[in-house]
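Trainee: Now for the letters of each chain:
Number of protein chains: 2
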Amino acid sequence: MSEALRAWFLGPRGENAELAERLLLEAFRDHVFWRRNHHPEDGFTIREADRRRPGYDDAVAVLIEELHGLLAALKRDVPFFSGRYQGHMLGEQTLAAQIGYFAGMLYNPNNVVAEASPVTTRLELEAAAQLAAMIGYDPATSWGHLTSGGTVANFEALWIARGVRYLPVTLALAARDLGERVPAALPDGTIADLRDLPLWALLNLRPSDALDAHAALHAVVPRTEAHRALEARALSSIGYQEYTRQLAATWDDPLPPAVVLIASTAHYSWEKIVRALGIGAQRIVQVPVDAHARMHPEALAEAFAACAKSRTAVLGVVSVCGTTEEGAIDRLDAIADVCNAARREHGLAAHLHADACHGGYAAALTRDAGGARLTGPQIRAHRGDAWPDDAWVRAVTALERADSVTIDPHKMGYIPYPAGAFLLRDRRARALVSQEPPYLAHDDGDASGFLGRWILEGSKPGAAAAAVWLSHRVVPLTVDGYGHLVAETSAGARALHAALQAPGALGSCRAVCLPEPDLNVLAWAVTHPSCTTLREVNALNEAIAERMRAGGEREPAYMLTRTRFASPGCDGIAAPLLEELGVGAGEWPTEGLVVLRSTIMDPYFVAGPPTPDHLHGLVGAVRTVAEAVLSEG
Amino acid sequence: MSEALRAWFLGPRGENAELAERLLLEAFRDHVFWRRNHHPEDGFTIREADRRRPGYDDAVAVLIEELHGLLAALKRDVPFFSGRYQGHMLGEQTLAAQIGYFAGMLYNPNNVVAEASPVTTRLELEAAAQLAAMIGYDPATSWGHLTSGGTVANFEALWIARGVRYLPVTLALAARDLGERVPAALPDGTIADLRDLPLWALLNLRPSDALDAHAALHAVVPRTEAHRALEARALSSIGYQEYTRQLAATWDDPLPPAVVLIASTAHYSWEKIVRALGIGAQRIVQVPVDAHARMHPEALAEAFAACAKSRTAVLGVVSVCGTTEEGAIDRLDAIADVCNAARREHGLAAHLHADACHGGYAAALTRDAGGARLTGPQIRAHRGDAWPDDAWVRAVTALERADSVTIDPHKMGYIPYPAGAFLLRDRRARALVSQEPPYLAHDDGDASGFLGRWILEGSKPGAAAAAVWLSHRVVPLTVDGYGHLVAETSAGARALHAALQAPGALGSCRAVCLPEPDLNVLAWAVTHPSCTTLREVNALNEAIAERMRAGGEREPAYMLTRTRFASPGCDGIAAPLLEELGVGAGEWPTEGLVVLRSTIMDPYFVAGPPTPDHLHGLVGAVRTVAEAVLSEG
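Chains as they are written, first to last, in the numbering used here: chain H, 1 to 633; chain G, 1 to 633.
Please keep in mind that the hints were generated in silico from the structure rather than gathered at the bench. Mixed in with the good hints, there may be bad ones.
The list makes no distinction among identical chains, and a pair is therefore deemed to hold if it is satisfied within one copy or across any two copies.
Stated by the list, open to error - Below are the SDA-like pairs computed for lysine to any residue, each with C-alpha atoms no more than 20 Å apart in a straight line:
id: 1; residue 1: K309; residue 2: P198
id: 2; residue 1: K75; residue 2: E48
id: 3; residue 1: K75; residue 2: R122
id: 4; residue 1: K75; residue 2: R36
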């Protein structure tokens, strides 16, 4: 696989430029000749004579000059292609993705609907189905599509979850209005008429049982009538304010508004999403994480127990596969078990979402060339490596147990922006957010080609679908394809983890690290014997980060980023670090902990000679900068 | 300008392919040499010897074969470049945009934050500022950025509007908690302490007065304390359910939930947005339109009066500049006057939003080369044309009066997807949706380079910013730049409007058209003496549309789309059409009216010989297809 790896990217020196140029030109000329061959009888719109006019010449001159200005300006961009940049989740793109995007862009299809993108809508559904198959979703019942990025994908997850979780309330009220019995399975397996259930029971139907009940109503009531009855009672239709009054008027049961249980390491955009949806940031319950930055299954169980006690419904549980700041993979197998136990023990149901925006491609490691699941021992044997361990494999394999999963091809998929993906295990749930425009609807049955109906966005680039699709064809979603990229970059992070902590690596300073990361993101603090308070440690790390950050006036020799762990979300992470830093925990609640952070996106980071040794280059740069900061005091 | 027009696009036959190829190669090689020149001492990661390995060869073979598969598949895409496609709002892209996107994509900057996109974040802010200047916003107080498209941009508009409109309630409660006086200007000009105001008055502060009051609170209370007090009371923080209870508990005033007054021609995504935000689809009040498909100012005034009577607050008013189905431009000057009158007469305030996703670039017609405003007579004199009339110019000029405006560069900007834009007149309002991540915050004062703080999306393509920026440099936002494209394509739509209605143009059939469109979108129904009911007319038009739609198995000679006008939203549009169709209005409420629809994106549509005459080609194709349908009927 190391041989193929050399062909997958343009290369830090543009080593594969000749190949890339040839293929880019082929894509471009192929497109031009498509135009030429399209109704040749139409003749030419722009003639040779037109190209000899002063106005034409002037316009071309402006284009060339302004392009030169742009190209010159872009030189000030960040060299993400280089092993010298190990900062954000941003690196090289696969050659396939670059060329696929370019080829698609020339056609400029709009994947909102197949009639404006007959080819790339198919490619988008195929690419999403490939991701769904990789994580283990059943292709017959799941669904997925691409988004502009992880935030929109995660937004859709919670938007749909809100629809599904409140569906039983809507169904019960609509069934009363219609005078129809609607049977539903309760968590204990018994069947009840939704109309007879108390609010608490309605708010605790399993997502799949809610969707079954939805289908049951449609089976007995004509479509239009059912639609009208549901619209009169649905949150999305009557709005949150009227919905709140309706609950009070009907059940007179002042339950607290539902909460979302989110790993405290989850991305900052989750709060943005919860605010925008009207759920409210205070309805987030942050679930503590352990020293590995993984959500504590026991803490999740306690959060469920607290909800049961306060009679608070749980809209959703958000687990992370590949945290932004630590590269941690929640033990999703244990998380899913806790969700099941909460249902059994407390009668609490929830939509389980896995935010695998960064880490989703890790599931490729669990697939052989034929798509069959690989066990931990099989993966290790195949790769001749002691990594990953069985717990890691169980966690990644458990993505198939989540109700929805988000994966960003523009992170570990090495696809150019914009490319996120939303995957839904039970595709029936998408009906809860569907919308019908008058000018796009062709009666195509399940309208699979009309994505705009079920997604937040409308017009969207078919080029992104072409990029993801082509990249998945060239670098397959298997242990030898994307799995290799995940393994190599994770190995890079572990190597950096070890190198930073090697005796004397940072001279008079030393690195205090989290445990070995689950993926390719590493966070650590640098300290020095002269740093005796947390504030001093933070100042040192801020100063190092400032000198090593990209995008400033001068480009440092090596580039990384920083973050600040804050209490209480990161208490579990920080405790051992504070101890190792020897600064006591007194300042922690107010100061937080500033750490340096590197995402190893460089697939050649630990390729060995003659590849440049950026691993030790980076460590050396941290030492040089740290000592310079200290000496300048 | 017709001379420059020949240089702005690749051309329907790829006439400018040589130029494009040269510039694409220049952009590519320039990027490759940037890589080569970046720390040349690092040496090569991929060596010649690596390229002779079987694994390398195999990977290259896969790339080439799969790319060929993709290129072959793309041939089934829709020929948007051709004058034979006059369907959706999708056409050619400017050369500048194509090359700019490609150049930017090679660097793959992420415009979520300037440290991951030092160049393209600046270009994004510049491109948005150019659009803001075009519509007449004050650069010192406005703000804008690019989005993945119009839906997200419109989402942001209503998301921010919700924050601003409910801000006085939050401020009043926080001021009570803090025991601080917060002065605010009432619609009648008097100053009151927010704490003393009834709920109705709080819900009817003008957006700018609400933001002034926000600043006033911050002026007297330390930042952290103010933040805590506001968070304890803000809708986005406590959520809609608790907010609803809070209103009831504090004021005991059972006001109906606020509504959004939306032109009945507005895009279908508005309902999606209102549902997602938790406002609820039923809180949309559709404002009727006239025969031109423009929002009735009188109807808007009546809607305001009805709200005043039922004591219903108005979150926002959504006016459209360039409706999706009719290309209509609301008389925004009159709409804004009605909003002012509603404040004076009823004490009703609202956030005024202009959805100019399609039509926003029309404002370029009102700018001379130096950026100064042009009057109607000046525009007509400059272009030597009788179009546009003064009412049109007043409506477009009034975009500067809207609180927010959305414009899609990927529509009339001829930019590849994804490129929408959100523009905000009073940038202070963005604070109401801001979000702070721990790992991106550099203390850069107003943090203008950290877009992720104030927008819905996170990671986003800097390449899109490069495309919009370069295109605006080459095709300026003036009467001779984008104004020329708007004028030419609008002239195309008017020419089609006339040609369809020329005697005998459709043989035994005839076209029934809306009045002349305000922009480049045209909708019409074909009828025949044998069609005596609405159902028959609809069947005829459905059959024509089916044979002329793109994206199917066989490509028709000319391509267009269709839509269905529905009651009651389109009552005003349909009344004269039904009369002219002679079918009576009895079936209208249930059947709606199916019409054919063309967006003239082709800038050469009315260029005259030797450019192919697609205008009459399209009319002839409609006739041929209509007669074929009838003869097979």
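Trainee: Next step is simple, just say for each hint if it's right about the structure.
Mentor: Hint-by-hint comparison with the structure:
1. Proximity of K309 and P198 under a CA criterion of 20 Å is satisfied intra-copy only: 17 Å inside one chain copy versus 37 Å between copies.
2. Proximity of K75 to E48 under the C-alpha cut-off of 20 Å is found in neither arrangement, the shortest distances being 35 Å within a copy and 27 Å between copies.
3. Taking the shortest Cα distances, K75 and R122 sit within 20 Å of each other only across copies (14 Å), while inside one copy they are farther apart (37 Å).
4. In this assembly of identical chains, K75 and R36 lie within 20 Å of each other by CA distance solely across copies; the values are 12 Å between and 35 Å within a copy.
Hint compliance for this structure: hint 2 is the single one not met.
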